[in-house]
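Here the structure of chain A is known, so what remains is to put chain B in place on it, guided by the hints.
2 protein chains.
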Amino acid sequence: MIEEKGILFILSGPSGVGKGTVRKKLFEEASELQYSISMTTRDMRPGEVDGVDYFYKSVEEFEKLIEENQLLEYAKYVSNYYGTPRKYVEETLEKGQDVFLEIEVQGALQVKENFPEGVFIFLFPPSLEELKNRIVNRGTESQELVVNRLKEARKEIEMMDAYDYVVVNDRVEHAVDRVKAIIKSEHLKRERVAKQYKKILEDELK
Amino acid sequence: MIEEKGILFILSGPSGVGKGTVRKKLFEEASELQYSISMTTRDMRPGEVDGVDYFYKSVEEFEKLIEENQLLEYAKYVSNYYGTPRKYVEETLEKGQDVFLEIEVQGALQVKENFPEGVFIFLFPPSLEELKNRIVNRGTESQELVVNRLKEARKEIEMMDAYDYVVVNDRVEHAVDRVKAIIKSEHLKRERVAKQYKKILEDELK
Numbered sequence: 001m002i003e004e005k006g007i008l009f010i011l012s013g014p015s016g017v018g019k020g021t022v023r024k025k026l027f028e029e030a031s032e033l034q035y036s037i038s039m040t041t042r043d044m045r046p047g048e049v050d051g052v053d054y055f056y057k058s059v060e061e062f063e064k065l066i067e068e069n070q071l072l073e074y075a076k077y078v079s080n081y082y083g084t085p086r087k088y089v090e091e092t093l094e095k096g097q098d099v100f101l102e103i104e105v106q107g108a109l110q111v112k113e114n115f116p117e118g119v120f121i122f123l124f125p126p127s128l129e130e131l132k133n134r135i136v137n138r139g140t141e142s143q144e145l146v147v148n149r150l151k152e153a154r155k156e157i158e159m160m161d162a163y164d165y166v167v168v169n170d171r172v173e174h175a176v177d178r179v180k181a182i183i184k185s186e187h188l189k190r191e192r193v194a195k196q197y198k199k200i201l202e203d204e205l206k
Numbered sequence: 001m002i003e004e005k006g007i008l009f010i011l012s013g014p015s016g017v018g019k020g021t022v023r024k025k026l027f028e029e030a031s032e033l034q035y036s037i038s039m040t041t042r043d044m045r046p047g048e049v050d051g052v053d054y055f056y057k058s059v060e061e062f063e064k065l066i067e068e069n070q071l072l073e074y075a076k077y078v079s080n081y082y083g084t085p086r087k088y089v090e091e092t093l094e095k096g097q098d099v100f101l102e103i104e105v106q107g108a109l110q111v112k113e114n115f116p117e118g119v120f121i122f123l124f125p126p127s128l129e130e131l132k133n134r135i136v137n138r139g140t141e142s143q144e145l146v147v148n149r150l151k152e153a154r155k156e157i158e159m160m161d162a163y164d165y166v167v168v169n170d171r172v173e174h175a176v177d178r179v180k181a182i183i184k185s186e187h188l189k190r191e192r193v194a195k196q197y198k199k200i201l202e203d204e205l206k
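Protein chains in written order, with full-length UniProt numbering: chain A, 1 to 206; chain B, 1 to 206.
The following block holds chain A by itself, in its conformation from the complex:
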């Protein structure tokens, strides 16, 4: 009914909380969301498509974009850069489409600095015990790594204050419903829509 820019939603939370599972289920149910496509310097793998799986760049190109503040966040894993291109996000929002970004806490805090108008959702574990179980059950981590990850998770939970919403991931389907309610209600915020509504009235009164 009214023309409106899209909203950037950021789902984040401690390691092991289930961000990926929630995001996956959300995308099955909310087809109008656009997942943010990352940029990387790693090699394209067989079957991957540029602009679908990732935007593939050389290290020189990537570092130039960092300098120009063209990345909402970025990090280096092993010897490859990964990041979120500002231009792609802004162009998608401009078309009136929401963008959804699922990301680690450190990355989310970078996005918050570069794009404070985003809506930041913190996924919270039902309990520390449960979080520990989930990390252990991945089975890929040593005892020492589990302890470290749990310590890290506690630190990350302290960073909750930078977020707009807290969603507890007790059951995936409940967490997804909560995120959907946030997406819906954010589009109803008066400061986003009042101008357009008043314009509709003015047009009718002409």
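Hints are not guaranteed to be accurate.
Same chains, same label: a pair holds when it works inside one copy or across any pair of copies.
Said to hold, decoys possible - 20 Å max Cα-Cα, derived PhoX-like pairs, lysine-lysine: (1) K155 with K198; (2) K198 with K151; (3) K195 with K155; (4) K5 with K198; (5) K151 with K132.
Rather than coming from a laboratory, the hints here were simulated on the basis of the structure.
Just chain B, lined up with the frame of chain A:
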């Protein structure tokens, strides 16, 4: 899971926009909401129950409560007072239950002054034309009254800026879904829940 105070939701909007219909349908679907019970000086009618339909007070009692700022809003129709008692609302919220208030724009603005922490939802007509039709179709109003009400409605729409959300009442069930999303997401706001979540963690770490 966490203990939390209830939230006061205020649904308002211009005359004829369909506030009553939306509220009624919402209450059929959201049984956990508590409808705010008004206070009045009018006589109790057969079948009505004090503390259920209204809180019934004498004019002297009511005017004393006005003086003591014990009403979130009030108005006088013909020779009777009607108002929203602060104490009832606050006690219900304290129990962790949400309170829902459906009210005229003037009353909502009074509530906003006395209880700014409420969540204010403005119900918006799909068009001025549609609003006019709805007022005319009530059939009880003269041509002159319709023109006046429409003029009034335009003024009320200008007051949208005092509200937190704008919900267009294109179809009742859509409007109700939007209000339900607002109720759900307001309970997920970080500033409401972060303290309790952090406490849960501290308790676990003891």
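_I want to check one pair: K198 and K151. Are their C-alpha atoms no more than 20 Å apart within a copy, between two copies, both, or neither?_
Classified as between: cross-chain Cα gap 15 Å, same-chain 51 Å, threshold 20 Å.
*Give the relationship of K155 and K198 under a CA distance limit of 20 Å: within one copy only, between copies only, both, or neither.*
between (45 Å within a copy, 11 Å between copies)
_K5 and K198: within-copy, between-copy, both or neither at 20 Å Cα_ = The answer is within: 17 Å in one copy meets 20 Å, while 34 Å across copies does not.
_Within a copy, between copies, both or neither: which one fits K151 and K132 at a CA-CA cutoff of 20 Å?_
Close inside one copy (10 Å), not across copies (62 Å); limit 20 Å.
*Are the CA atoms of K195 and K155 at most 20 Å apart within a copy, between copies, both, or neither?*
between (41 Å within a copy, 15 Å between copies)
Of the numbered hints given earlier, the model fails none.
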